[in-house]
Amino acid sequence: MSLRRVPMRSIATCAVVLLASLAVASLAFAQSAHLEAAKKEGKVVWYTSLALPSAEKVAKLFEAAYPGIKVEVHRTGSQRILQRVMQELQANIKNVDVVHTSDAGHFVLLKDKKLLAKYTPAGVDGFPAGFKDKDGYYYGLRATVNAIAYNTKALSAAEAPKTWKDLLDPKWKGKLVTAHPGYSGVISTHVLALVHLHGWDYFKQLAQNKLMLVQSAVDPAGVVASGERLVAVNGGDYTFYQTKKKGNPVEIVYPKEGVPLVVSPSAITSFAPHPSAARLFTDFTFTRELQQVMADSEGLYTGHPEVKYPADKPKLSELKLLTAEPEELEKRNEEIRKRFVEFFGA
Amino acid sequence: MKRSASASWSSSGRSRAVIPARLQGVDRSLPVWLAAALALLFLMALPLGWLAWVSVSSEGGPTLTHYRRVLADPALQKALWNTLVLAFWVGLASLAVGAPLAWLTARTDVPGKALIRGLVMASFVTPPFLGAFAWVMLAGPNAGALNKLWRSLTGAEEALVNIFSMPGLVFVVTIYTFPYVYIMLANTLALIASDLEEAAAVLGAGRLSVALTVTLPLVLPALVSGFILAVLQAIALFGSPAILALPAGFHTITTQIWSFFHFPPKTEMAAAFSIPLLLATALLLLVQKKLLGRRGYAAVGGKGGQRRTIPLGAWRYPALLACLAVMACAIFLPYGILAKAAFSRAWAQPLTWDNLTLANFSFTFFEYSATQAAILNTLELGVMTACVGAALVTLLAYITQRRLVLGHQVVAFLALAPVVIPGVVLAVALFLAYTRPPLVLYGTLWILFVAYLTKEMPVGYAQSDATFRSIPAELEDAGRILGAGRLRILREITAPLAKSGIIAAWCFIFIGVIRELSASIILFTPSTKVMSVVLFDLKEEGQFGAIAVLGLVMLALTFATVTLVQAVLGRDVLGARE
Numbered sequence: 001m002s003l004r005r006v007p008m009r010s011i012a013t014c015a016v017v018l019l020a021s022l023a024v025a026s027l028a029f030a031q032s033a034h035l036e037a038a039k040k041e042g043k044v045v046w047y048t049s050l051a052l053p054s055a056e057k058v059a060k061l062f063e064a065a066y067p068g069i070k071v072e073v074h075r076t077g078s079q080r081i082l083q084r085v086m087q088e089l090q091a092n093i094k095n096v097d098v099v100h101t102s103d104a105g106h107f108v109l110l111k112d113k114k115l116l117a118k119y120t121p122a123g124v125d126g127f128p129a130g131f132k133d134k135d136g137y138y139y140g141l142r143a144t145v146n147a148i149a150y151n152t153k154a155l156s157a158a159e160a161p162k163t164w165k166d167l168l169d170p171k172w173k174g175k176l177v178t179a180h181p182g183y184s185g186v187i188s189t190h191v192l193a194l195v196h197l198h199g200w201d202y203f204k205q206l207a208q209n210k211l212m213l214v215q216s217a218v219d220p221a222g223v224v225a226s227g228e229r230l231v232a233v234n235g236g237d238y239t240f241y242q243t244k245k246k247g248n249p250v251e252i253v254y255p256k257e258g259v260p261l262v263v264s265p266s267a268i269t270s271f272a273p274h275p276s277a278a279r280l281f282t283d284f285t286f287t288r289e290l291q292q293v294m295a296d297s298e299g300l301y302t303g304h305p306e307v308k309y310p311a312d313k314p315k316l317s318e319l320k321l322l323t324a325e326p327e328e329l330e331k332r333n334e335e336i337r338k339r340f341v342e343f344f345g346a
Numbered sequence: 001m002k003r004s005a006s007a008s009w010s011s012s013g014r015s016r017a018v019i020p021a022r023l024q025g026v027d028r029s030l031p032v033w034l035a036a037a038l039a040l041l042f043l044m045a046l047p048l049g050w051l052a053w054v055s056v057s058s059e060g061g062p063t064l065t066h067y068r069r070v071l072a073d074p075a076l077q078k079a080l081w082n083t084l085v086l087a088f089w090v091g092l093a094s095l096a097v098g099a100p101l102a103w104l105t106a107r108t109d110v111p112g113k114a115l116i117r118g119l120v121m122a123s124f125v126t127p128p129f130l131g132a133f134a135w136v137m138l139a140g141p142n143a144g145a146l147n148k149l150w151r152s153l154t155g156a157e158e159a160l161v162n163i164f165s166m167p168g169l170v171f172v173v174t175i176y177t178f179p180y181v182y183i184m185l186a187n188t189l190a191l192i193a194s195d196l197e198e199a200a201a202v203l204g205a206g207r208l209s210v211a212l213t214v215t216l217p218l219v220l221p222a223l224v225s226g227f228i229l230a231v232l233q234a235i236a237l238f239g240s241p242a243i244l245a246l247p248a249g250f251h252t253i254t255t256q257i258w259s260f261f262h263f264p265p266k267t268e269m270a271a272a273f274s275i276p277l278l279l280a281t282a283l284l285l286l287v288q289k290k291l292l293g294r295r296g297y298a299a300v301g302g303k304g305g306q307r308r309t310i311p312l313g314a315w316r317y318p319a320l321l322a323c324l325a326v327m328a329c330a331i332f333l334p335y336g337i338l339a340k341a342a343f344s345r346a347w348a349q350p351l352t353w354d355n356l357t358l359a360n361f362s363f364t365f366f367e368y369s370a371t372q373a374a375i376l377n378t379l380e381l382g383v384m385t386a387c388v389g390a391a392l393v394t395l396l397a398y399i400t401q402r403r404l405v406l407g408h409q410v411v412a413f414l415a416l417a418p419v420v421i422p423g424v425v426l427a428v429a430l431f432l433a434y435t436r437p438p439l440v441l442y443g444t445l446w447i448l449f450v451a452y453l454t455k456e457m458p459v460g461y462a463q464s465d466a467t468f469r470s471i472p473a474e475l476e477d478a479g480r481i482l483g484a485g486r487l488r489i490l491r492e493i494t495a496p497l498a499k500s501g502i503i504a505a506w507c508f509i510f511i512g513v514i515r516e517l518s519a520s521i522i523l524f525t526p527s528t529k530v531m532s533v534v535l536f537d538l539k540e541e542g543q544f545g546a547i548a549v550l551g552l553v554m555l556a557l558t559f560a561t562v563t564l565v566q567a568v569l570g571r572d573v574l575g576a577r578e
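In the order they appear, the protein sequences are chains A and B. Mapping to the working numbering: the first sequence position 185 is 185, numbers consecutive. Mapping to the working numbering: the second sequence position 544 is 544, numbers consecutive.
Keep in mind that the hints are not guaranteed to be accurate.
Among chain B residues calculated to face chain A with C-beta under 7 Å, some are [said to hold, decoys possible]: (1) H262; (2) F263; (3) T435; (4) V440; (5) Y442.
Treat the hints as calculated values from the structure; they're not laboratory data. Using N, Cα and C, we set each Cβ at its ideal position, and we do this for glycine too.
Generate the whole structure from the sequences, applying the supplied hints.
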């Protein structure tokens, strides 16, 4: 083959292809180096407030995708996670790689204390602004809204409360259950959003109905399904959705006044003992595939624009969303818990 | 210097005969005292010192602000009051349940005594928080199985019982606390001869006046002592109030101290709130000791005298039924509902084919990654604490029983002293002491080990003390007269006789460790979780199926250990002899 017979254009094309493949190769090389480093670290420690079965599922999916890297799941409530992280640091223990809670205020605090590493997971460019930290330290891994749920064996749709204010009716005395902002980030966000909407007086009045107090925002779903209380006054709608899908007599009400949106961020710690594995894991959790899993089997919302949602769940765009700013959550965290305990007793 | 001089002097055989016995004691006691002082320093002095210091320290120097704050806060006053109410009623209710049961099994011809004793023992070793959890499923006002049954039988709207209430809490704590009264009383009753009662009857006293004027005064110290033990238990409990009181919107001291650790932590408040609790328990034990110390009644002497069995006549079977009713509350119903929940998809639904599943087991063991690590941690800690603890208490008991060192009474006192420290308070103290240099134990299993060892020491010591008390020193003396050395005597006479007692001490410590929650809940880190902490985590998330499965594992471990004790001791754990 003579060089002269080859048109200039194909040479250019070849060059581009060559360059491109070089770039891809070097990227792949970088990635494989990254992967090697992660494999050498062998594990990633994940403190997460995602409901336990869901968290274990995410871990198993990651372990299947990256054999040789284990995920150590430590699941507890958002507030307990913050407590753990800070208590460990006080004793100079550096254990956690990736922190994921439902109280966005925690990430403001952790960032201020220089405990987070700056890292932008691949593929979050298309996420809405509410899912991204402007400084690039944390990103919303998932979202849920707080809703009301009731037991369909005990109440008809007509009898069920429709709005947050309906719950103040004395006829619900002894029939309601609430989760706790001192445990759950979903609930602390919920409380702040409703304080903006109806003021603290709302909770003061609600407490007159003698609510059963549980801790996790996952638990009200179980309490209502068992019939121990008829109505849950808060809780992540994904837990209600899952409970309902399992055939339990639970129905969800999205109050017209608006539903508190809870975006649960994820971040890598600045002191992560397994930083490469942490980045690999974080990237994995933000892939479209995994975000789709969260939407499908868990009933969560995500920031990923390409994720499709189950037909029997309302779209986020169809709901009136109440939001709480991370900075305000951080500032008022203690106040929220203090007043809640004051009204509800524990 | 003086001591080492005397030691080298005493080791020269020439002058041995003229050395007074007291000085011979000195050289032996030195290493023992050093070890004891060291152990005391790390197990108690350092942690409690930090506790006291933190409770009065501030940036501006020593202060009483924290005390003023905890005592003036209405919410904390309420927690304090709730604990008092709980403890008082648990004490009384434990008497009301434990005393008749003890009397029935010790003095009457009620049928099935061995069964009743076995069941009391089962209640004694059941982790109280598991019982509380089971009772949520039994007597939750709406979904609880008993309330559902009640409604379907009577058509009533209202619940029969609401377990999320102070009476509910008192009830659940009582059914796992009354064995303390039972043990105290059964042991005393077994020692009282019937002659005094018979003498009173011969002199014309009626049954009631015999009971009131003769029997009651004889057992009164045991009753009060049992009452105080029950009160102490109720004060120190963490799990049951966390499971039953928090949902109802009230705190006790222990749950309040625990919540001081929530972020942002207020450890100085936790410390300031711990000290009154510590003083209260110390005071109660002091009272108990005074009462028992006064028990100079010749009649409760042991040997001699006959114990006449009181015929119940027509009341035999009703009495048995009453006993079984108590045990249904403590054992049959809770264990039953736990087993049901372990095998059901939805615990509140009937156990039909549709509802039957093994998913809880596969989730707990294979999907939930914390389970295996927690079981391993628990077993590791259990075996390690039991081995070290059993060796330690055996040594201490041998030393004190044979009076091998000067001041052996002090050793005995120190070995029993941790009994006044509630688990939560111990944990706060250890946390304060060992999260800072030079010794950072927090984050390792060691801090849990230290906590468990301290907490279980009194129980193990009491068991070992009883063991050596029952081995007469004459046997050892006989061996010595026949020319055997001290070590040979230990190996061939003492050790074989003490073996079963040592194994029992091992088992008691082991059982204590695997069920420990109140200290663990403050001292764990995510990488050092134990079973009880995992159970509590699951409880906070409402994962009933997994709790039931893990709870059954814990019970199986406990009862396997109990069976072992019974096999080696040849009697049941409560010490009753046939």
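* Restraint check, 7 Å cut-off on beta carbons, for B/H262 near chain A -> The hint holds - B/H262 has a Cβ within 7 Å of chain A, the shortest such distance being about 6 Å.
* Can the hint on B/V440 be confirmed by a CB-to-CB distance to chain A that is less than 7 Å? -> holds (5 Å)
* B/F263 as an interface hint toward chain A, with CB separation required under 7 Å -> At about 4 Å, which falls below the 7 Å cut-off, the nearest Cβ of chain A leaves the hint on B/F263 intact, so it holds.
* Asked: Does the interface hint hold: is B/T435 within less than 7 Å of chain A, judged Cβ to Cβ?
  -> Result: holds, 4 Å to nearest chain A Cβ.
* To do: Hold the hint about B/Y442 up to the distance rule: shortest CB distance to chain A must be less than 7 Å.
  => holds (4 Å)
When the structure is compared with the earlier hints, no violation turns up for any of them.
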